[in-house]
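Chain residues, written in single-letter form:
Protein chains: 2
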Amino acid sequence: MVGGGQLARMTHQAAIALGQSLRVLSTGTGESAALVAADVVLGDHRDLDALRRVADGATVVTFDHEHVPTEHLHALEEAGHRVAPGPAALVHAQDKLVLRRALTEAGEPQPVWAEVSTAVGVADFAGAHGWPVVLKTPRGGYDGKGVFVVDDVDAATALLDRFGTLLAEQRVPLVRELAALVARSPLGQVAAWPVVETVQRDGVCHEVLAPAPGLDDELATAAQELAIRIAERLGVVGLLAVELFETADGVLVNELAMRPHNSGHWTIEGSRTSQFEQHLRAVLDYPLGVPAMTAPVVVMANVLGGAASEEGWAGPGLDERVHHLMAHWPDVKLHWYGKGQRPGRKLGHVTALGDDLDEVRARAVAAARYLADGVVDPAFAFDEEHP
Amino acid sequence: MVGGGQLARMTHQAAIALGQSLRVLSTGTGESAALVAADVVLGDHRDLDALRRVADGATVVTFDHEHVPTEHLHALEEAGHRVAPGPAALVHAQDKLVLRRALTEAGEPQPVWAEVSTAVGVADFAGAHGWPVVLKTPRGGYDGKGVFVVDDVDAATALLDRFGTLLAEQRVPLVRELAALVARSPLGQVAAWPVVETVQRDGVCHEVLAPAPGLDDELATAAQELAIRIAERLGVVGLLAVELFETADGVLVNELAMRPHNSGHWTIEGSRTSQFEQHLRAVLDYPLGVPAMTAPVVVMANVLGGAASEEGWAGPGLDERVHHLMAHWPDVKLHWYGKGQRPGRKLGHVTALGDDLDEVRARAVAAARYLADGVVDPAFAFDEEHP
Numbered sequence: 001m002v003g004g005g006q007l008a009r010m011t012h013q014a015a016i017a018l019g020q021s022l023r024v025l026s027t028g029t030g031e032s033a034a035l036v037a038a039d040v041v042l043g044d045h046r047d048l049d050a051l052r053r054v055a056d057g058a059t060v061v062t063f064d065h066e067h068v069p070t071e072h073l074h075a076l077e078e079a080g081h082r083v084a085p086g087p088a089a090l091v092h093a094q095d096k097l098v099l100r101r102a103l104t105e106a107g108e109p110q111p112v113w114a115e116v117s118t119a120v121g122v123a124d125f126a127g128a129h130g131w132p133v134v135l136k137t138p139r140g141g142y143d144g145k146g147v148f149v150v151d152d153v154d155a156a157t158a159l160l161d162r163f164g165t166l167l168a169e170q171r172v173p174l175v176r177e178l179a180a181l182v183a184r185s186p187l188g189q190v191a192a193w194p195v196v197e198t199v200q201r202d203g204v205c206h207e208v209l210a211p212a213p214g215l216d217d218e219l220a221t222a223a224q225e226l227a228i229r230i231a232e233r234l235g236v237v238g239l240l241a242v243e244l245f246e247t248a249d250g251v252l253v254n255e256l257a258m259r260p261h262n263s264g265h266w267t268i269e270g271s272r273t274s275q276f277e278q279h280l281r282a283v284l285d286y287p288l289g290v291p292a293m294t295a296p297v298v299v300m301a302n303v304l305g306g307a308a309s310e311e312g313w314a315g316p317g318l319d320e321r322v323h324h325l326m327a328h329w330p331d332v333k334l335h336w337y338g339k340g341q342r343p344g345r346k347l348g349h350v351t352a353l354g355d356d357l358d359e360v361r362a363r364a365v366a367a368a369r370y371l372a373d374g375v376v377d378p379a380f381a382f383d384e385e386h387p
Numbered sequence: 001m002v003g004g005g006q007l008a009r010m011t012h013q014a015a016i017a018l019g020q021s022l023r024v025l026s027t028g029t030g031e032s033a034a035l036v037a038a039d040v041v042l043g044d045h046r047d048l049d050a051l052r053r054v055a056d057g058a059t060v061v062t063f064d065h066e067h068v069p070t071e072h073l074h075a076l077e078e079a080g081h082r083v084a085p086g087p088a089a090l091v092h093a094q095d096k097l098v099l100r101r102a103l104t105e106a107g108e109p110q111p112v113w114a115e116v117s118t119a120v121g122v123a124d125f126a127g128a129h130g131w132p133v134v135l136k137t138p139r140g141g142y143d144g145k146g147v148f149v150v151d152d153v154d155a156a157t158a159l160l161d162r163f164g165t166l167l168a169e170q171r172v173p174l175v176r177e178l179a180a181l182v183a184r185s186p187l188g189q190v191a192a193w194p195v196v197e198t199v200q201r202d203g204v205c206h207e208v209l210a211p212a213p214g215l216d217d218e219l220a221t222a223a224q225e226l227a228i229r230i231a232e233r234l235g236v237v238g239l240l241a242v243e244l245f246e247t248a249d250g251v252l253v254n255e256l257a258m259r260p261h262n263s264g265h266w267t268i269e270g271s272r273t274s275q276f277e278q279h280l281r282a283v284l285d286y287p288l289g290v291p292a293m294t295a296p297v298v299v300m301a302n303v304l305g306g307a308a309s310e311e312g313w314a315g316p317g318l319d320e321r322v323h324h325l326m327a328h329w330p331d332v333k334l335h336w337y338g339k340g341q342r343p344g345r346k347l348g349h350v351t352a353l354g355d356d357l358d359e360v361r362a363r364a365v366a367a368a369r370y371l372a373d374g375v376v377d378p379a380f381a382f383d384e385e386h387p
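Chains as they are written, first to last, in our numbering: chain Y, 1 to 387; chain X, 1 to 387.
Just chain Y, with the same shape it has in the complex:
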């Protein structure tokens, strides 16, 4: 697996059960996956030699991020390595303009868009579809980075000067954001998890609610079928996360990821087959596992470095917070990524399961918030001396 972050870390956990050991290409020994995997190759994912070193002797090369240059992936394939997903599929998760063109060609629902490289182009687009306009860098964005909402030509010009060609999109009147996660094997077997709601703040996923609460059955099925169609059309092997905007008129495709995805962390405990196991099954060309849920409601909450990660924090330290979390929520599952604490960083996640959405969500969010900010939710007040 190219990339040593938390996705590789959790994929390694799943690999162990399958009798595999994940080899990881990591930029440093301190990365999440490098801390726990037996077989770590140090190197940069933009360095073809490093890629060759991690590929050599591996059954298949796969990814925990989208940042490997396409030409390097072709070079690996030409050298006889199996790459999953392959470069022709992966480029749709790497380049938003490529994705938009492909979806237009396929006739799939997406926001109105245009490729813009001049102020006039943006002004024309806004003239036709109104301000504000969403401008996105075609490559390299994640977690809200590379996405800008602009209200006038001056702001657009500044971005064009800085980034060059951009993707312009009409701002969509959102009901909420959803994600449809599917897996596809080389032979075309697919498996779809229930569609989930992703609760974002500032472009960063904070919570995932599985299944998406109150989602119309037909719309849920349509979203799953949309994801399966995209996986088939693009020839995805492995996981495909389709990030969706739910609007009054249905769903629109926001963007794609072709790897285990934050919207699928809930599957570790919440599905009979976790996204990490399923990704491995798919890229290793094993039959896929059942994606059935293990509880009626599952909520995942990210632990993003917060007040407790800031310098000068005088509250309980991390180990003490973990202690309190476990004492107070003995049924909340913790996944800690082994990273240094830093404000805004995804440090870990927690998962809660149960029958009642409000209760399960409150439990997950309170636990994550306590870890991140040291804040005790009044609904979950406890005595830190005697948790």
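Keep in mind the hints are simulated off the structure, nothing from the lab. Bear in mind the structure is a predicted one, so any value in this text is a computation, not a measurement. Be aware that a few hints might be false.
One copy or two, it doesn't matter: identical chains are merged, so the pair holds either way.
[What the hints assert, rightly or not] Derived pair list, reagent style SDA-like, types lysine to any residue, alpha-carbon separation capped at 20 Å: (1) Lys-145 to Gln-170; (2) Lys-339 to Asp-39; (3) Lys-339 to Gln-20; (4) Lys-339 to Ala-58; (5) Lys-346 to Thr-221; (6) Lys-346 to Gln-20; (7) Lys-339 to Leu-18; (8) Lys-346 to Leu-18; (9) Lys-339 to Glu-177; (10) Lys-339 to Ala-220; (11) Lys-136 to Thr-157.
Given chain Y, put chain X in place with the hints provided.
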């Protein structure tokens, strides 16, 4: 963790979620845990220097087997290392005579027993309690090794000549074997999983049925309380598996293990907190997790090297069998230990979950049997070409 077998391998999986990385003392690079852990110390568990190397800098030293000499554990403690379970507790899992004496002193139920070192001693015991007599080596036995059922003085004499002092036990008229698994933290918090039935053949565990089918509620509670009393009395920190004989009159203690145990593998998917996570929580002095079951019925079946591990096997190879297993039972969870195949060896296990014991058990056993022996159960017949 001292020992690099499958218990350490699965403990490492659990450690990753807790933000930990398990350091493993392994006798070779090819051991189950050494294949997947980032931090492997090579050495023998009987070598104090090796133990010091694995203990140095570790939060706590724990075990995946019972074979570390007690004096070495005292030496580690004297050097300031935390050892969990401590040597005073662990000796009861290491030495069956020590266990028998402690249970007699505690007034806990166990088979009638005596320490014997002469043929006359065995004859006296048999005179009082009848033939056959069960003779056990006090130390070093596992999976039925070191246990002998003898019918006369000659057979007993041969064993005494070979092993010296033995534990003699009355053969108990068994209803079945049960196991009560509990965890205990340094502060004395305990958590008990439901009592399970362990299905043994030739002293080797083949299946674990959770919860033990049809077990009387009072007897189940009594077995859990017995395990908790033993954990408290012996000062166990970590997991305690109490292997029990169910008889017409209640339960008797067979033997103890103070580590994750084969009778608890079902907890990985079958309990909100797996035995591996719970052991880590306990030895790291974190609060314990909820031991609730995630499904009404969970069955674990061991995959013991069978016909398919024998030389000259002409059926489908391991990878092909795994492929068929996944295709035919997409909801059966596989845990493969990464070991070389050898007849009789514990190569992995499978877990099935559901509502109906007969169905769940048949599914788990058929899947395990197909992996081990390449035998397709008629009830699960499938076309190998098109699974």
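First find the shortest C-alpha distance between Lys-339 and Ala-58 inside one copy, then the shortest across copies, and answer within, between, both or neither for a cut-off of 20 Å.
-> between (27 Å within a copy, 19 Å between copies)
20 Å Cα threshold - placement of Thr-157 relative to Lys-136 = within (13 Å within a copy, 85 Å between copies)
Checking Lys-339 and Gln-20: alpha-carbon separation at most 20 Å within a copy, between copies, both or neither?
-> Between copies, since 11 Å is at most 20 Å while 24 Å is not.
How would you label the pair Lys-346, Thr-221 (within, between, both, or neither) given a Cα cut-off of 20 Å?
-> Neither way: Lys-346 and Thr-221 sit 31 Å apart in one copy and 43 Å across, limit 20 Å.
Can you tell me if Lys-145 and Gln-170 fall within 20 Å by alpha carbon in one copy, between copies, both or neither?
-> within (18 Å within a copy, 72 Å between copies)
Quick one: Lys-346 to Leu-18, C-alpha cut-off 20 Å, is that within a copy, between copies, both, or neither?
-> Between copies only: 15 Å across, 27 Å inside.
Up to 20 Å between alpha-carbons, please classify Lys-339 paired with Ala-220: within, between, both or neither.
-> neither (35 Å within a copy, 43 Å between copies)
Is it within, between, both, or neither for Lys-339 and Glu-177, if the alpha carbons may be no more than 20 Å apart?
-> neither (28 Å within a copy, 45 Å between copies)
State whether the alpha carbon distance between Lys-346 and Gln-20 is at most 20 Å within one copy, between copies, both, or neither.
-> between (27 Å within a copy, 17 Å between copies)
Copy assignment of Lys-339 with Leu-18, given that the CA separation must stay at most 20 Å | between (26 Å within a copy, 12 Å between copies)
How do Lys-339 and Asp-39 come out at 20 Å by Cα distance, when the copy is not named: within, between, both, or neither?
-> This pair counts as both: shortest intra-copy Cα distance 19 Å, inter-copy 17 Å.
Hint check: violations occur at hints 5, 9, 10; the rest are consistent with the structure.
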